[in-house]
Amino acid sequence: MTLPENTVDAVYQDPGVERYRGNPFIEALPPIMQVEQVRDGLRGKVSYQPGDAFSDGRIRAHEIAGLLDDFFQPLANHLRLEEKISIMMRRGYVGRNLEDGSLKSHLQDGYERIKRGELSSFRFAKAPSTASSFALIGVSGCGKSTTLNRILANYPQVIYHEKYNFIQLVHLKIECPAKGTLKSLCVNFFRAIDQKLNTNYEQKYTQKRVGTDTLLALMGQIATQRAIGILVIDEIQRLSRQSSDDEKDMLEFFVELVNTIGVPVVLVGTPKARPILELELQSGRRVAGFGSLFWEPMKNEAPERHKGSDRIKHSEWSAFARKLWRYQWLQRKDDVLTDELRDGWYELTQGVHDIVVKLFVLTQLWAIANRSERISLKLMRKVFEDEFKPVHPMLAALRSGDPELVVKYSDLHVPQIDKQLLDLRQRIAEAGKQEPELGVFDGNPQAQRLYHLLVGMDCEASRVAPLVERAFKQSPDMKIRELMPIVLDWYEGDAEIEQEEARSGQVVKPANWGTLSANDLRYQFSSEEDLYDTLNEQGVIFPMESWLGGCKTCR
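Here our numbering runs 17 ahead of the position in the sequence shown, where the first position is 1.
No wet-lab data here; the hints were simulated from the structure. A quick note: this is a predicted structure, and the numbers were derived from the prediction, not measured. Using N, Cα and C, we set each Cβ at its ideal position, and we do this for glycine too. Hints should not be assumed to be uniformly reliable.
Stated by the list, open to error - Derived lysine-lysine pairs resembling DSBU-like cross-links, with alpha carbons at most 35 Å apart:
| # | residue 1 | residue 2 |
| --- | --- | --- |
| 1 | Lys425 | Lys490 |
| 2 | Lys425 | Lys350 |
| 3 | Lys330 | Lys221 |
| 4 | Lys190 | Lys221 |
| 5 | Lys425 | Lys196 |
| 6 | Lys316 | Lys190 |
| 7 | Lys213 | Lys62 |
Said to hold, decoys possible - Computed Cβ-Cβ distance ranges for the label pairs, DEER-style:
| # | residue 1 | residue 2 | range |
| --- | --- | --- | --- |
| 8 | Glu100 | Asp211 | 28 to 34 Å |
| 9 | Arg343 | Pro483 | 31 to 37 Å |
| 10 | Pro67 | Asp440 | 38 to 44 Å |
| 11 | Glu447 | Glu421 | 25 to 31 Å |
| 12 | Asn171 | Arg339 | 23 to 29 Å |
| 13 | Asp87 | Gln54 | 17 to 23 Å |
| 14 | Val25 | Ala413 | 43 to 49 Å |
Please construct the entire structure, taking both the sequences and the accompanying hints into account.
Here it is, written out as structure tokens:
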């Protein structure tokens, strides 16, 4: 027998729980993880070196775009979801055991259903189900599917039990079809099984004139035959777009799948799926539930002080934003995330994970493309207005707090930013071509790195370029850390270069004020919407009115 490529051989170990012992399906699973192990397993692995901020802009664009795939910060919701999946999967296998014959009973019952074309048929009265289900509901972009994928990735998908010559499919994730029909759901299921196990169920069953009841019975039988540990059905809100009969029929099948066939099911969708769940709650045969998890975006709550200590407990949003803020590949980046920028960032994104990260990525790319090399709230707002128009209604609904508006716009898709990434990479490449001073380095990466380091220290680019060229010509074997103080000495003390700069009469145009030092009033004017209020809060503006109020001779 040829095994699928993603198959691992079963290695049995004590599961640590008495009711799980003696069940090969459970003993072949990874051990139950502790909280820290869960965090480590879910946490994204971002490759980041601060010095890379001085690499070529085109290289940095690739590094920044990597955050979309690699950054993941585990939150409390993620840990609760992992615990639910862990319990559901193992609990569902208790009633389906290779050793005690309970799996064979389920298989025989499945055969009876196929023969009669009735989901409620069974032969063995003692084939109990230990499976359960739950619903995961949240607006688009809040991380439901991403988190599920990361949790399931901690389990091997296919396990081969050589002793029993049996292939176990640990988890399977499918999408509710766009048409929302039972037949298309079955087709999606068979197709997903074929992709994982190299079978041909789709061709075998869907190209014949087979009734929906029979297809559903076949689907349940295959789920038992392949010992599916947990079935995830995403986008269930699509059901609500069809007739009420379709909704009832599909929910009835979910009931059978869990209560009778014994396969745990996770239903995933947006708040538009709530009417479907309410219909299920009202039905006479309710799914053996394991609760629902309504996944809300992160909240921007005020920090609290730990009881009995001086330690500050930050909100999940604050911790998430500060963690993400570290990953900047900008030469003039601000190391500290200010309260103003963090609050403005939240106001724009409402704490929706996907939008938070995508806005951060695109803002960095804009900062490289316009050569400001710094994230400001003004720039972030500009990027949000230009690049995220499709989700403005959804975010406006979240800001309003109106449940009906949230449901109305909850399934707006967060825009795919592949096109924006390509456009920005092109802009960055064109901006790089507009730096003639880099051409004199003859492609020397160390010279370019030193140049970018010095520019990042607020040295003027036009003055630094010839100094870097001179340094590498005179001492080509010296390292960057040895050359930097030499170039800085030249920069500070070379009177001839300063005089030449003065004679050139160069003027920084307003469009380039964003590239100046953070202390330069021109930079502050370009990045602040109300410069007067900002300077007044910083105590820079002399308090003329209060001074006049205390001057006796001025009254």
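We went through each hint and held it up to the structure:
no. : hint                        : result
1   : Lys425 / Lys490             : violated, 65 Å
2   : Lys425 / Lys350             : violated, 39 Å
3   : Lys330 / Lys221             : violated, 57 Å
4   : Lys190 / Lys221             : holds, 21 Å
5   : Lys425 / Lys196             : holds, 19 Å
6   : Lys316 / Lys190             : holds, 29 Å
7   : Lys213 / Lys62              : holds, 26 Å
8   : Glu100 / Asp211: 28 to 34 Å : holds, 32 Å
9   : Arg343 / Pro483: 31 to 37 Å : holds, 34 Å
10  : Pro67 / Asp440: 38 to 44 Å  : violated, 27 Å
11  : Glu447 / Glu421: 25 to 31 Å : violated, 46 Å
12  : Asn171 / Arg339: 23 to 29 Å : holds, 26 Å
13  : Asp87 / Gln54: 17 to 23 Å   : holds, 20 Å
14  : Val25 / Ala413: 43 to 49 Å  : holds, 47 Å
Checked against the numbered hints given earlier, this structure breaks hints 1, 2, 3, 10, 11; the rest are met.
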